[in-house]
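Protein chains in written order, with my numbering: chain A, 65 to 266; chain B, 65 to 266; chain C, 65 to 266.
Honestly, the hints are just simulated from the structure, not real lab data.
Take these hints with a grain of salt, some might be off.
Unchecked claim - Label-pair restraints from in silico Cβ distances:
1) C/85 - A/76: 39 to 45 Å
2) B/148 - C/244: 54 to 60 Å
3) A/177 - B/70: 42 to 48 Å
Stated by the list, open to error - Listed next, the in silico DMTMM-like pairs over lysine to aspartate or glutamate satisfying Cα-Cα at most 25 Å (straight line):
4) C/180 - B/241
5) A/180 - C/241
6) B/180 - A/68
7) B/180 - A/248
8) C/180 - B/189
9) A/180 - A/248
For every residue, glycine included, the Cβ atom is placed at its ideal position computed from N, Cα and C.
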Amino acid sequence: MTREQQLADTLRALYTQSDEQLRAQYRRSLSFQDGMFDRWERARRLGFGAGASIYNSALVLGEVSVGRETWVGPGTILDGSAAPLVIGEFCSISAGVHLYTHDTLQWALSGGIAAKRSGAVNIGDCVYIGPQSIVVRGVSIGRQCVVAANSFVHHSVEPRTVVAGNPARRVGRVVGEGAEVRVELTSPGERAGLDLPLASHE
Amino acid sequence: MTREQQLADTLRALYTQSDEQLRAQYRRSLSFQDGMFDRWERARRLGFGAGASIYNSALVLGEVSVGRETWVGPGTILDGSAAPLVIGEFCSISAGVHLYTHDTLQWALSGGIAAKRSGAVNIGDCVYIGPQSIVVRGVSIGRQCVVAANSFVHHSVEPRTVVAGNPARRVGRVVGEGAEVRVELTSPGERAGLDLPLASHE
Amino acid sequence: MTREQQLADTLRALYTQSDEQLRAQYRRSLSFQDGMFDRWERARRLGFGAGASIYNSALVLGEVSVGRETWVGPGTILDGSAAPLVIGEFCSISAGVHLYTHDTLQWALSGGIAAKRSGAVNIGDCVYIGPQSIVVRGVSIGRQCVVAANSFVHHSVEPRTVVAGNPARRVGRVVGEGAEVRVELTSPGERAGLDLPLASHE
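Construct all of the structure, not just a fragment, from the sequences and the given hints.
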C-alpha cells in the first residue's frame, strides 16, 4: 500500500468518526473541512471580536475587520483585498454571502489591460444579510438593516432599513428594540417581497 | 522536513492521483473533499433512502429525512435544526440549494436578544429544485413541482406547479406522466421566465 | 492516540501554519482545500490555456475547454458532462458561477424515467460573468459581454452586450477598447440594474 493510499484510508476513517461524533453531540453533519477546523479559533486568529465565528469554507481576503458575536456562514467571501471591509457586531453574514471591495469587469473586457475597480465596504452593527446575497464595492449598510436572501446590493442603505431584490430596493423598515424588534413593510403591495429575510445560523 | 510538510506533500500527491483517476474513469474533476468521500456511503450513514446520494460539501443540520434515489448536490444546505425537514424520493436538490427551517433575522436586529424563528419544511416526491434556490421555514412544496434556478420560495406550493423568481411566483404547471411529463406555461408573457429550470446532476 | 487522532492533529497544525503563511505573504485566508492545492497547477493539468487558474473548490465535469489567462473562481461549476463547454481567454468566471450543459428537470418529474436534456455552451473571449450567476444548456455568450451578478441566463447573448437579472435581459452594451473599454446603459431607467457587474478576482 502506497503512502497516498494509507492517507486516503485514514482520512476516510477520520471523517466518518468525527462526523458521527458531531451528529451524536450536535446533530450536525458537515463537510470535511467545515467539520475538521474550529470556527471560533479561526475568528480569533483573524483578529475578529470576542465570540465571533467563521466557517472554514469562508474566504477572507485583504483587510477585514469583524465585530464581536458576529456569525460568518459557510461558503461566504469577505473581500477586503482592494479597500477595507468593516463588519460590525451581532451581524448574521448568512451562508453564501459575498461582500466585495473590487470587481474585474474592466479587466476582463479589456483583455487584462484595464485595472480592477475598488471601494471600501461597511456593514453596521446588528445587520442581517440573507443567504447568497451580494454586496459590492463602495456600499455602506447602516446598523440594524435587513438584506433579504438572494439580493444584490449596489447602493448604500440607511440604518434600520429592509432591502430586497436584484438590484436591491427598499421594501420596509425596522421598528422597536431588543426582544420587540420587528420588520414593518412600506406597503401591502410589497408584502410578497418582505418575508424574504432568513439565515442559517448554526 | 516537519510532520506537517510531509502531510502536505502526501495530500497533494493523493489529490493529483485520485483526481486523475476520476477524470480517466468518469471525466470528472472534483474538489478535494467532494472527490475523497463517497456520496452514497454518506447518504446511507445519514439514513437517507436507497440510492440517494449527497456530496461531501453539503451541510446537514438537525432532523433531515430524504427519500430513495434523491440527488443532493454540492454546496447545498439541508437545515432541519429548528424543525423537521422532509424531502421525498426522486428529487433533484441542485447544487447550491439552501432549505431552511429557521432564520436569525430577529437575533441579529436585537443584538442577540430575540430568539430564532422556525418552521418545518416539506418537499414532496419528484420535485426539481434548481441551482442556488432558497426555500425558507414553514414552506411545503407538493409532489412533482419545479422551482426554477436562483429562486426564493417563501410560500407553499401546490403539487405539479412551476414557480420562479425572487420572490418565487407561479409561472406554469406540470402535465403528463412518466416519459411524457412536461412543463406548460400559464401564458406566453411568462415564457421568458419559464425555461429557467435546470440542475447539475452528475 | 489513534492514527485518526494523530492525522487530525497534524491536519490542524498544517492548516494553521499554511494559513498564517498565506496571510503574511498575500493577505489571504482561504479554506483548507483552496489553500492547500495550487490553482495554476490544476488548470495546467486540466489542459486550460497558459496563465489560467481554477480554485480547488470548483467542479469540472466532462468536456471543458478554457482559454489563456481566464480566472475561474471558488465554488464554480463548469459542466461539460452532456455537451462541450468552451470558455474563451481573459474571462472572469466569478465565484459561485454555474455553467451547465444539461438539466435533470424531466428526470425528477418523471421519477427517474425521462432522460436528462442537454446542449453545448460557449463563452467568448474577454467575458465577465458576475458572482453566483447561472448559464444553462444551449446558450452562447459572445466576446466582451457582461453578465451581472446573480443573473440567470437562458438565451444566447450577442457580442459586447450587457445582461442582468433573472431571467437575464439586455441592459446595455460595451463600448471602446483596451484601457478605454466601458459599459453604456440602454436607458437611464435601467441604470439601477446596471452597476451590477462585479467579481472576485483574487
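Starting from residue 180 of chain C, check that the Cα of residue 189 of chain B is at most 25 Å away, please.
Distance ~18 Å between residue 180 of chain C and residue 189 of chain B Cα, so the pair holds.
Between residue 180 of chain A and residue 248 of chain A, is the straight-line Cα distance small enough, at 25 Å or below?
39 Å, violated
Given the hinted pair residue 180 of chain A and residue 241 of chain C, is their Cα-Cα distance within 25 Å?
15 Å, holds
Distance restraint hint 42 to 48 Å, applied to the beta-carbon atoms of residue 177 of chain A and residue 70 of chain B
For residue 70 of chain B against residue 177 of chain A, whose Cβ atoms are near 43 Å apart, the range 42 to 48 Å holds.
Can you confirm whether the C-alpha distance between residue 180 of chain B and residue 248 of chain A stays at or below 25 Å?
Holds - the C-alpha atoms of residue 248 of chain A and residue 180 of chain B are around 18 Å apart, at most 25 Å.
Given the range 54 to 60 Å, decide if the beta-carbon distance of residue 148 of chain B to residue 244 of chain C lies inside it.
Because 58 Å falls inside the window, the suggested range holds.
Check whether the Cα positions of residue 180 of chain B and residue 68 of chain A lie no farther apart than 25 Å.
45 Å, violated
Looking only at beta-carbon atoms, does the pair residue 85 of chain C, residue 76 of chain A fall within the given range of 39 to 45 Å?
28 Å, violated
Is the straight-line distance between the alpha-carbon of residue 180 of chain C and that of residue 241 of chain B 25 Å or less?
15 Å, holds
Consistency note: the structure conflicts with the earlier hints numbered 1, 6 and 9.
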